[in-house]
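A.B. asks: Given chain R, put chain W in place with the hints provided.
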Amino acid sequence: MTIRFVLNGNAVQIEAPADRRVVDLLREDLGLTGTKEGCGGGECGACTILIDGESRLSCLMLAAQLEGRAVTTIEGMTRDGVLHPVQEAFVRCGAVQCGFCTPGMILSASALLKQRPDAGRLEIRAGLSGNLCRCTGYAKIVDAVEEAAAELRGKKPE
Amino acid sequence: MREVHLPRTPEELWPILDGEPEVAVYAGGTDLIVRMGTGRPDPPSLVCLERMESWRGVRDESGALWLGACTTFSELLRSGDVCGRLPLLAAAVATLGSPQVRNMGTLGGNLCTASPAGDSLPPLYVMDAAVELQSSRGTRRMPIREFITGPGRTQLQRGEVLTGVRVGIPQGFQVHRFEKVGQRKALACAIASMAALLKLSGDGAVSEGRIAWGSVGPTVVVSAEVEGFLRGRKVTPATVEEAAALAERAVAPIDDVRGSAAYRRQVAGNLLRKLLYETL
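Which chain is which? The protein sequence lines are R and W, in order.
In terms of my numbering, the first sequence is numbered consecutively and its last residue is 438.
In terms of my numbering, the second sequence is numbered consecutively and its last residue is 358.
Just chain R, with the same shape it has in the complex:
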């Protein structure tokens, strides 16, 4: 079927089986391998993407559901080679070890900070509770999101 949606800011029209999982569509058909598949069952958050700005699991969405939506993957977080403040903070804080959970973490964190720019550590932990990391122990990830939150707040005109 023909599916029209906005992918990382660009309007696209693709041909895909209606029941293709979105994670497969992104990785296999569109070559956007930043989105990872961990468990394939909605329990790890590695495949998190944003749909109209809200975090969703691309392993549990079918291609037909993308019609008319705005999709953001990790590839869309960088603008003209400049990292998003959440990405910058992950680099600075050493919040990345193996990196497999990082795309999902960054998308969940950016969705959280958009909704709750003043999120403290507890809210950050709750906001990231759908993303598993098996390396870092989470402390540096929470540090990074806390730093990014402060930076994003500072940039906003009061």
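Note that these hints are calculated values from the structure, not bench results.
Treat the hints with care, since some could be wrong.
What the hints assert, rightly or not - Listed below are several chain R residues computed to face chain W (Cβ distance under 10 Å; list not exhaustive):
no., residue
1, G289
2, S335
3, Q377
4, G410
5, L432
Said to hold, decoys possible - Chain W residues, not near chain R, derived (Cβ > 12 Å throughout):
no., residue
6, R163
7, M220
8, V253
Said to hold, decoys possible - Keeping only pairs whose Cα atoms sit at most 25 Å apart, straight-line, the calculated DSS-like set for lysine-lysine is:
no., chain 1, residue 1, chain 2, residue 2
9, W, K277, W, K352
10, R, K420, W, K263
11, R, K420, R, K394
12, W, K263, W, K312
13, W, K263, R, K394
14, W, K263, W, K352
Every residue, glycine too, gets a C-beta built ideally from N, C-alpha and C.
C.D. replies: Only chain W this time, still in chain R's reference frame:
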């Protein structure tokens, strides 16, 4: 390839349901798509209800709230009416899955999946919610306690969908409590859960208690015996023990990967003990 229908109105939905009797219905996909990944079920076509705007949102219906079946858990938690007037449901929904699962999963999906561990179910049982079912043939309503008939089983007939849930706003209950025991805080199925509403009189007695347990039986467990025992009874260590013993006899848990039947039985009793002791 399976066709995936994305209807926006009931008029678009009925011909699909009537014309394709084997079509599988989903809204958020957080149950059905997971199970399809294991090969069963393997439906010939799918219909996704995420764009059925008329079955979405929260409406005030004089003394009750109507909750659209296609409303996501995140939308329920953003509703001032749900958080302010149905705090028991809000507390349960806040523990469900993860942020992403709550952004996708819907109230109607949780009910139709009819898992005894469904987090929204115990609060809806204690508040005596009624479900609204529609098909091309018309609308029918029934109490949630009749709608869910077993693990994964409901009264939904072929061609029929759950469109909304009507929940009376509890009046005069001072205690609204949801407890969930799982292996971790997020992304955990309940090993045992309990939803409770308590009315307390000035002398430390329970004038009315409405209690339901999740994950400790084939469906949510309610106990007329426990509720009857508590009515008018002063909360003392002896009455707490007696009520908890009745609760432990009322539940019918099984052993599974998350916990043993014996553990679940004990937790069901302990959740009631904790609730009652905290009223002192």
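A.B. asks: For every hint, state whether the structure bears it out.
C.D. replies: To see whether the hints hold, each was checked on the structure:
1. Proximity of G289 of chain R to chain W is violated relative to the hint, the smallest CB-CB distance being about 21 Å (cut-off 10 Å).
2. At its closest, the beta carbon of S335 of chain R sits 5 Å from a beta carbon of chain W; the interface hint therefore holds under the 10 Å criterion.
3. With 10 Å as the threshold, the beta carbon of Q377 of chain R stays out of range of chain W, its nearest partner Cβ sitting at about 21 Å, so the hint is violated.
4. Annotation: G410 of chain R was flagged as interfacial toward chain W, and the flag holds, the nearest CB pair being 3 Å apart, inside 10 Å.
5. A cut of 10 Å between beta carbons decides the hint on L432 of chain R: the least distance to chain W is about 18 Å, and the hint is violated.
6. With a least CB separation of 23 Å from chain R, R163 of chain W remains clear of the 12 Å interface cut-off, as annotated.
7. Against chain R, the non-interface label of M220 of chain W holds: every CB pair exceeds 12 Å, the least being about 30 Å.
8. Against chain R, the non-interface label of V253 of chain W holds: every CB pair exceeds 12 Å, the least being about 24 Å.
9. The hinted pair formed by K277 of chain W and K352 of chain W meets the criterion: a straight-line CA distance of about 16 Å does not exceed 25 Å.
10. Of the pairs offered as hints, the one joining K420 of chain R and K263 of chain W holds, with about 20 Å between alpha carbons and a cut-off of 25 Å not exceeded.
11. In summary, the hint linking K420 of chain R to K394 of chain R is supported, as the alpha carbons are separated by about 20 Å, within the 25 Å threshold.
12. The hinted pair formed by K263 of chain W and K312 of chain W fails the criterion: a straight-line CA distance of about 33 Å is larger than 25 Å.
13. At roughly 24 Å between alpha-carbon atoms, K263 of chain W and K394 of chain R fall within 25 Å of each other, so this suggested pair holds.
14. With a CA separation close to 19 Å, the supplied pair K263 of chain W and K352 of chain W stays within the 25 Å bound.
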